Structures are given as structure tokens and as C-alpha cells.
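Add chain B to chain A, keeping to what the hints say.
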Amino acid sequence: ILNVEQSPQSLHVQEGDSTNFTCSFPSSNFYALHWYRWETAKSPEALFVMTLNGDEKKKGRISATLNTKEGYSYLYIKGSQPEDSATYLCARWTGGFKTIFGAGTRLFVKA
Amino acid sequence: KAGVTQTPRYLIKTRGQQVTLSCSPISGHRSVSWYQQTPGQGLQFLFEYFSETQRNKGNFPGRFSGRQFSNSRSEMNVSTLELGDSALYLCASSLVQGEDYGYTFGSGTRLTVV
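Read top to bottom, the protein sequences are chains A and B.
With this note's numbering as the guide, the letters of the first sequence map in order to residues 1 to 111.
With this note's numbering as the guide, the letters of the second sequence map in order to residues 1 to 114.
The following block holds chain A by itself, in its conformation from the complex (with noise of 0.2 Å):
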């Protein structure tokens, strides 16, 4: 993988739902992964930094996890509700005054 992806591009679920989403990324020279939630109208807000294999973000009903050594994150939302609808971007820090952002996964929460 030479960039940044994340899948799906968008997901459609009930309140209430738990829900979950993929950011790969090169498993090489890795340095650090962010992820942010982009509201509309609003700007991306950075939800986790995430630096060491194995370790595990929370913050309410979102976590996320990382495996540097094959190349994956996954952020998790408990519970869904319609706050969350959001772009959740995932970013590749790349130690070199660059971070290289995926496309996002769009979430829709319907009440």
C-alpha cells in the first residue's frame, strides 16, 4: 500500500448501532496515525494520535486501534448516534513534516 485508504467510502446505519471502519496504510517507517472527525460546515477535529503497535484510543463511545506491523487501523462507534454523522479521516504521519490524509469514510446516522 503506498497511500493512505480507507474503507468504506460511506456507511449508512440506525441509531444505536455499533459500527466500524478501515485505514490502511504503508506498514514501513512508520511514525504515527491521526484520525479526525469532519463535520459539515465545521472543521476536522482531531479525535486520536496514535504511535505504538497495539495501541488502543478511547474517548467516550469511539476507539480505535493500530497494527503497525501490517499496516491497519480500526476506529470503532459504539452505540451510533446522530451526532456522529461525520467524515472520519484517518492521516499518515510520515516524520518528515508531512502527513498524508486517506479519502474518509462518510457516516450517516439515521434516528
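Simulated from the structure, these hints should not be mistaken for laboratory data.
All values reported here derive from a predicted model rather than from experimental measurement.
There may be inaccurate statements among the hints.
Only pairs whose alpha carbons sit at most 25 Å apart, straight line, appear in this in silico DSS-like list of lysine-lysine [what the hints assert, rightly or not]:
1. K69(A) with K58(A)
2. K98(A) with K13(B)
3. K57(A) with K98(A)
4. K57(B) with K78(A)
5. K78(A) with K58(A)
6. K98(A) with K110(A)
Sample of chain A residues with no beta-carbon within 10 Å of chain B, all distances over it, derived [said to hold, decoys possible]:
7. G16
8. T19
9. S24
10. P44
11. V49
12. R61
13. I62
14. Y72
15. Y76
16. G79
Using N, Cα and C, we set each Cβ at its ideal position, and we do this for glycine too.
Showing chain B alone in chain A's frame:
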């Protein structure tokens, strides 16, 4: 604490013109990076500045340039505008390189080239 401020919020320019966008980072942040977002695309990296020096540059033509001032404020310039330059331009600031805390983004400048 003031956030990242980008001006102007909206801009309409004609093909062939040039444009300058401004970004004021969070106080104390020394790194400013710029991104372009077009419909269907993710955030495309333009460049990153730290201590008034461009540290890295994305795959954009030379028409895209920038600079950073001693107070860490940054400007981005696009010369000879093309229709394809219509996009949302976001800047983001961080203490150093964003590796520990991530980036704080501004609200963006929506550029339309007609």
C-alpha cells in the same frame, strides 16, 4: 484560546488571476500546513512550514507557493488561476510537527475560479 484563523472565508476569482490566502495559527504553534480539498478527493497535502522555512511540499505545480512569517502566520499564493484550482483550502497548525497532538484546522477558504 483563539483557534486557527483563515481569511478570507470565500473568494471568487477569474481564470488567470492570482490569489493569496492567509492563515493565523494557534498562539505558540510553530508549524503550519496547507491542504486542498476538491469534491470526491481527500485532503491533498500542499506544503508545511516550520520556523519560516518550507519543510516539505506536495505534488502541486509551481503556481502554488507559500511563506511563513516570524509570528508563524502563513500565506499561500496561487498564481495564474485555473478552473481546477476551485477547492476548499484548509490550513492546520501544530506545536512542532503534529506528531503528538495532531493538527488543529482552520475553517478553510472556499475558492471558486470562474
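(message) For each hint given before, does the structure comply? Return the numbers of the non-compliant ones in rising order.
(response) 2, 4, 6, 10 and 11
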